[in-house]
Structure formats: structure tokens, C-alpha cells
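**Q** Chains as they are written, first to last, in this note's numbering: chain A, 41 to 158; chain B, 41 to 158.
FYI, nobody ran anything at the bench for these hints, they're computed from the structure. The structure presented is a predicted model; accordingly, all values stated were derived computationally and were not measured. There could be a bad hint or two in this list.
A pair counts as met if it fits within one copy or between any two copies, since identical chains are not told apart.
Stated by the list, open to error - As a list, the in silico EDC-like pairs of lysine to aspartate or glutamate whose alpha-carbon atoms are at most 16 Å apart:
| # | residue 1 | residue 2 |
| --- | --- | --- |
| 1 | Lys-86 | Asp-49 |
| 2 | Lys-63 | Glu-144 |
| 3 | Lys-86 | Glu-144 |
| 4 | Lys-86 | Glu-44 |
Protein chains: 2
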Amino acid sequence: MITEIAQIDIKPGMEAEFETGVKNAAPVFQRAKGCHGLELQRSIEKPGRYRLFVKWATVENHTVDFRGSADFAEWRKLVAQIAGAFAGERRNRRAIERELFHGEYTLASKNDDDLPLP
Amino acid sequence: MITEIAQIDIKPGMEAEFETGVKNAAPVFQRAKGCHGLELQRSIEKPGRYRLFVKWATVENHTVDFRGSADFAEWRKLVAQIAGAFAGERRNRRAIERELFHGEYTLASKNDDDLPLP
Chain A
41 MITEIAQIDI KPGMEAEFET GVKNAAPVFQ RAKGCHGLEL QRSIEKPGRY RLFVKWATVE
101 NHTVDFRGSA DFAEWRKLVA QIAGAFAGER RNRRAIEREL FHGEYTLASK NDDDLPLP
Chain B
41 MITEIAQIDI KPGMEAEFET GVKNAAPVFQ RAKGCHGLEL QRSIEKPGRY RLFVKWATVE
101 NHTVDFRGSA DFAEWRKLVA QIAGAFAGER RNRRAIEREL FHGEYTLASK NDDDLPLP
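So that you can see chain A by itself, here it is in the shape it has in the complex:
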């Protein structure tokens, strides 16, 4: 399983708009081939900072299938709609830093009822 992790910094006051934008994009990922779901996490120490986690079965599901799909254009459109919420000057630093990760080691939770880790 591959995890796409995007770190996104949002302008103060634009958090609700950004969160709504992510929720609006949910159907795009729900129907994407090989996509196993998405989660948005918000920083506790830096409230304008978010991390978006998207799970893909393979790297190709993300780089080829999704980026080659009609839904990728839909996703870009949705991102453009909330781009006003992104912090940072494009020339100085990127508001979005995106990387792909794969699991290397997992320590299972000590409680059976706990959710597994990412």
C-alpha cells in the first residue's frame, strides 16, 4: 500500500473553506482506481497546517491511472477553487509539498480494538 502525503499550509481564516473543498473532492477519490481512501489531519501546534493522506494500492494507480483520468481534471478544478486559501508565495516556497511513501515497519497496537496505523 502506498501513502501519498501532502503537507498544506492555509491562510489564517481560510480553514473552513479549505476543509469544505477537501470534502467536496471526496467522490473523485472514492471512485478512483486503486484508491483506498483519504484522510485530512490538522496540526495541533500550527493550526493552519494540514496533512492530506491518500492511500493507493500501487504507485501506478496514483501516477498513471489517476493522473491520466478525466477525474484528474475535476480534481485540479476543485484545487483551483480553494487555491485562494493556500498560504505562501509561489516564488518563495510551495504551499503544498507532496510525497509518496510506503510502509517499512509497523508496530501493532497493544489493544485489539484499536485502528491499525496508516
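With the hints as your guide, set chain B onto chain A.
**A** Chain B only, in chain A's frame:
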């Protein structure tokens, strides 16, 4: 549920040593109060980059209970043992960037058998 996310850059060639060090630290987290497990993920695009995810029931389980425990000294000792693997000059940039996150929004997977997201 709180997720502690640490981004760690490792010197080329020191990956195995680092990964072993993380595995050796597993018991410390396994017995920590409120710790719901740990996962190490490795970047696909930047092989020397890792993200370590630790799940805590509450912020205090991490900031107070763990940092106030005898096991925290044990953890620091284990980190010191693998510090030679960390990339980056301490004065220029930090090899470890650590932040706390909480879940804001989750899109469940379309497959019932899939693991939930972080």
C-alpha cells in the same frame, strides 16, 4: 486520536542502521501509556526520507506521560545511538521535524476489507 509525525532524513547508506534502531525502540512505545502503536514509512521519491507515525490517545499521553516517564530517557538513548545516521547540519536545518496532528476528516475506503486510514 493524536498522530505524532516525525520527518527524518537519513544519510545515504545508513538506512538499515536507522531502521534497526526504530525496531529496537518498539518496546518503549508498546508499553507507553496511551500509545496505540507506531509505523515507519519510507519515501519512494527520496529514499533517505522517512516518516515515523506514533498514535497517542491524547496530547497529554505524549507530552506529559511519555516525556515524564523513565522510558523517555531510554528512548533518548536509543535515538542517540542512531543519531549518526541523521542527515543535515544541526545549525543549518533539523534532520528531524516533529509535529502533532489530529484527524479532521476521513473518507472511508470503498472496500470493507481495507485498512482504515491513519
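**Q** All the hints need checking, so say for each whether the structure fits it.
**A** To see whether the hints hold, each was checked on the structure:
Within a single copy, Lys-86 and Asp-49 get their C-alpha atoms as close as 9 Å, which meets the 16 Å cut-off; across copies the closest is 22 Å, which misses it. With identical chains, the CA atoms of Lys-63 and Glu-144 are at most 16 Å apart between copies only, with a shortest distance of 10 Å across copies and 29 Å within one. Taking the shortest alpha-carbon separations for Lys-86 and Glu-144, only the inter-copy value of 14 Å comes in at or below 16 Å, while the best intra-copy value is 27 Å. Taking the closest pair of Cα atoms, Lys-86 and Glu-44 come within 16 Å of each other only across two copies (13 Å); inside a single copy the shortest separation is 21 Å, beyond that limit.
The structure agrees with every numbered hint stated previously.
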